[in-house]
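Participant: If you want the building blocks of each chain, they are given just below.
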Amino acid sequence: MPVITYREALNQALREEMRRDERVFLMGEEVGLYQGAYKVSQGLLEEFGEKRVIDTPITEEAFTGVGVGAAMVGLRPVIEMMTFNFSIVAMDQIVNSAAKIRYMSGGQFKIPMVIRGPGGAAHSLAAQHSQSLEAWFCYVPGLKVVMPGVPKDAKGLLKSAIRDDNPVIFIEGELLYGTKGEVPEGEYTIPLGKADIKRKGSDVTIIAYSKMVLLAMEAAEELAKEGIEVEIVDPLTLKPLDETTILNSVRKTNRVVIVEEGWEFGGFGAQIAEIIYRKAFDYIDAPIERVAARNVPMPYAKNLEMATIPNKARVIEAVKKVLYFD
Amino acid sequence: MPEKILESFEIRRLEILDPKGEVDESLMPSLSADEIKKMYELLILSRTFDQRAIDLQREGRLGTYASILGQEATQVGSAFTIKKSDWIFPSFREMGVYMTLGYPIHQLYQYWAGDERGLKAPKDLNIFPICVPIGTQMLHAAGAAMAAKYKRDPIAVITYFGDGATSEGDFHEAFNMAGVFKLPVVFICQNNHWAISLPRERQTAAKTLAQKAYAYGFEGIQLDGNDIFAVYKGTKDAIEKARRGEGPVFIECVTYRMSSHTTADDATRYRSKEEVEMWKLKDPILRLKLFMERKGLWTEPYQKEIEERSRQIIDEAVKVAESVEPPHPEDMFTYTYAKPTFRQLKQMEDF
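Here the protein sequences come in this chain order: U and W.
Position one of the first sequence corresponds to residue 2 (the working numbering), numbered consecutively onward.
Position one of the second sequence corresponds to residue 7 (the working numbering), numbered consecutively onward.
So that you can see chain W by itself, here it is in the shape it has in the complex:
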């Protein structure tokens, strides 16, 4: 008996906008000039937020911060297609997602300065708290997706994580549950090539991360994470598929962590300058700028204007964040249980 091939798969990679700012028109999603400008402005705002966060950390005004530098297109492009009724389970390197969803920026600075009240999302935004343990939020996303199915709610649940998280058990268990129960989850991996000091090749022997989805019975695609149009299109298709009840999708966005892991890390100790320089040429903002310039959507004065506007927004956010009174000790007892326990009430008397 000859051997049979039972299953084989191909991994698609989606690229639309190249580093020179040229697009493949056949793949280009339908976006108005205003929408493209809005995307660009969000990229600039995200980068401005990020740079300020690093500055504030250096001045001792924020705690340890995880920079998003270089990953803005993955975040803005994907969040651009999320609806308010959808649910988002982030990790900790998605400030661009927050900017795009219109999250109050001062609350983000408040959070990074160590005040968890900053994670209290506005009522109309279904975004869950920043999740620092690696990959645990993927299971929560699967749970919310199961609940959506339970309630016959035609929404999608989007969860973000990094390449490092794909080695965690929670990643595999969440994928397995999502596959078995055909849950409406879109798994977005920001493959930024580095998990602190460990390169992507040491995370897994697999050629792509995207292919891991196939072992769990659903589709995985790879796309250029510095190409905002590819990210937008890939995410939009996946979200629509999830909303239609056709199950999960895994999107591997290939991008690059231009900064260190966090402000407590120094990436120059473990990776080459050449590699970083090479990725600078693939900058997500630069390429959208080149595209817009070609289309007559970008001018020097426009650039100056949006940079200035972003600065003002960030200045104001920092001012508001720093004027918030620190939390009262009572809070730590108030939020542990639905009602404080007898012992907590006793301990509360110390304050």
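If we strip away everything but chain U, and leave its shape as in the complex, we get:
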């Protein structure tokens, strides 16, 4: 299998879907001439022209709302948020329009639209540019939320998101763009709403998504040296969530650690924990551990940033805690 970067995988997905369907177009800040702030749209302007790769003014609320309008009349917009931090100013169009128009029109209008871009912390980008906002979007009926961690998933899921008839929030990892992984040759898609077992194991289940999958993998490798076999479940789609795969793993290992990059209070991990407690209570041998960001705005200082976001040591510690080690 070819090894490509996460960025290239997304680029392939966009290119393939734009070739496949004339109605798909990309719109956002710096997506055309500049080839994307993170170069995800490299070469797309050249291939598809200004009609389908549209550079907009700095106006997130507008290009999101324009996307909604275009979707209502039959196009399939892909809206790029330069980073998901900027989606905050477009939240009204996302929450009140994109998510609700199908419902409020009695099913008359669908909004087949993808809003994509990087989320989470990068390196020292400070509090306003380092946020994990997935919990906000997961709260809203009408939206789907997808967060791939590796190139193969990024490509297959983005293709499915573009073909989906619902508004899909597709959050990429700012630090993942340069990471590499195997991607199948040729055409493939990965269905939304289906989790993936990233590593088989029998002792503990780690549920992690996006960048945290890589962290969980690192932790699992190290724990394996101590004879602890970790199973890693990557939900891929946070909403709708594949509860079955999660619960099957939990019923097998009886111990759970949930890792997320977002804030701990009100974070998406709390929702996963609730599902496990309610539906697999009798299978749990230890209280669920959560590893998440500290409840502070992301610090600018490198050392403080590292102290805030989850790291390998904290994941290992959590695993040992649910195993009642030390």
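Careful, some of the hints might be misleading.
To be verified - Restricting the straight-line Cα-Cα distance to at most 20 Å, the calculated cross-link-like pairs of lysine-lysine (PhoX-like) are:
| no. | chain 1 | residue 1 | chain 2 | residue 2 |
| --- | --- | --- | --- | --- |
| 1 | U | K111 | W | K157 |
| 2 | U | K160 | U | K111 |
| 3 | U | K195 | W | K345 |
| 4 | U | K160 | W | K345 |
| 5 | U | K195 | W | K129 |
| 6 | U | K313 | U | K303 |
| 7 | W | K352 | U | K280 |
| 8 | U | K253 | U | K280 |
| 9 | U | K181 | U | K160 |
| 10 | W | K126 | U | K111 |
| 11 | W | K345 | W | K90 |
| 12 | W | K247 | W | K188 |
| 13 | W | K352 | U | K52 |
| 14 | U | K52 | W | K188 |
| 15 | U | K111 | W | K129 |
| 16 | U | K52 | W | K157 |
| 17 | W | K247 | W | K157 |
| 18 | U | K160 | U | K40 |
| 19 | U | K321 | U | K201 |
| 20 | W | K286 | W | K247 |
| 21 | U | K111 | W | K345 |
Stated by the list, open to error - What follows is a set of in silico ranges between Cβ atoms, one per label pair, in the way DEER data are often shown:
| no. | chain 1 | residue 1 | chain 2 | residue 2 | range |
| --- | --- | --- | --- | --- | --- |
| 22 | W | S91 | U | G108 | 22 to 28 Å |
| 23 | U | L324 | W | G69 | 54 to 60 Å |
| 24 | U | E23 | W | F357 | 55 to 61 Å |
| 25 | W | K188 | U | R21 | 26 to 32 Å |
As the list claims (entries may be wrong) - Covered stretches of chain U (chain W as the covering partner; in silico rule of three or more C-beta atoms under 8 Å from a C-beta of chain W):
| no. | stretch |
| --- | --- |
| 26 | 60-71 |
| 27 | 95-102 |
| 28 | 109-116 |
| 29 | 225-237 |
Calculated directly from the structure, the hints in this document are not laboratory data.
A virtual CB, placed ideally from N, CA and C, is assigned to each residue, including glycine.
Based on the hints, put chain W in the right spot on chain U.
Facilitator: Same frame as chain U, but now just chain W:
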């Protein structure tokens, strides 16, 4: 070096039919006697619809309703020139637009009674759902216009909003997008002077709303929104310009909200009787009646006949609306996503 003037602009104001029913023949659009009568009948129908909606709300048969009283000419006059192939993005105070387009009236009562299925437009009408958040529909209109351009569809997209909406970010962002991409949108502002209790002067320090378009690189005009001929002409010119691919136009229709903001509001608490009385003299229906009377198009029996016909249409619409079965709980799950999610299917079992 002397200072230079880089750009200056003038705001045109269009008036054709004055409150006494006299017209400026040089500006008068070409309309047949039948068309003028049709306009008048739509004004009466719209007012009848509106009054009945208020009555029904008072009786507890409708939810909160936003009256169009006094604004009928802005709505009928503009919609009169819209083609079926055009697209319309309304806000929530445009019942006269719906009447003019031939929207099923019973569905409007059904909607205001709280049943969103009332917004399901007939297949041949491109009218989008009523939009209650202020100004968000302007961006959807810009998006539909972008799609029309994308598909090389020679149509216009018309969107309605009030004076209050011009302070929203969505207004400015939609104008900016429409200007930058030269989109075929006609922005129609019903400047009715009041955004709930806030007067127009407190909405913006600008002398006109129309002038705001110039900052975004396109034309804005002001017209007398109680003058149906001015509204018709201004809208027709703008729509034709948009259809020709010459970009957006902003039309500020100066009218007056004769009623309260909604049935949940009491405007007497914040505005003067004198102001309301003054606007009564500028009534859009009255002035068209005076014009028609002068032209021999209006008689007492004609008035009685169309009032009676409007009443019958409205009676029938209310009857149909109230005979519709309330929506089934399943509907709320059915329409959230293309397919209900696993959790929704679980919750659906409760019903």
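Participant: All hints, please: hold or fail.
Facilitator: For each hint, the structure was consulted:
no. : hint                          : in the structure
1   : U:K111 with W:K157            : 18 Å, holds
2   : U:K160 with U:K111            : 18 Å, holds
3   : U:K195 with W:K345            : 15 Å, holds
4   : U:K160 with W:K345            : 18 Å, holds
5   : U:K195 with W:K129            : 36 Å, violated
6   : U:K313 with U:K303            : 17 Å, holds
7   : W:K352 with U:K280            : 13 Å, holds
8   : U:K253 with U:K280            : 14 Å, holds
9   : U:K181 with U:K160            : 19 Å, holds
10  : W:K126 with U:K111            : 13 Å, holds
11  : W:K345 with W:K90             : 31 Å, violated
12  : W:K247 with W:K188            : 11 Å, holds
13  : W:K352 with U:K52             : 43 Å, violated
14  : U:K52 with W:K188             : 13 Å, holds
15  : U:K111 with W:K129            : 15 Å, holds
16  : U:K52 with W:K157             : 10 Å, holds
17  : W:K247 with W:K157            : 18 Å, holds
18  : U:K160 with U:K40             : 18 Å, holds
19  : U:K321 with U:K201            : 18 Å, holds
20  : W:K286 with W:K247            : 34 Å, violated
21  : U:K111 with W:K345            : 11 Å, holds
22  : W:S91 with U:G108: 22 to 28 Å : 23 Å, holds
23  : U:L324 with W:G69: 54 to 60 Å : 57 Å, holds
24  : U:E23 with W:F357: 55 to 61 Å : 41 Å, violated
25  : W:K188 with U:R21: 26 to 32 Å : 29 Å, holds
26  : 60-71                         : holds (count 11)
27  : 95-102                        : holds (count 3)
28  : 109-116                       : holds (count 3)
29  : 225-237                       : violated (count 0)
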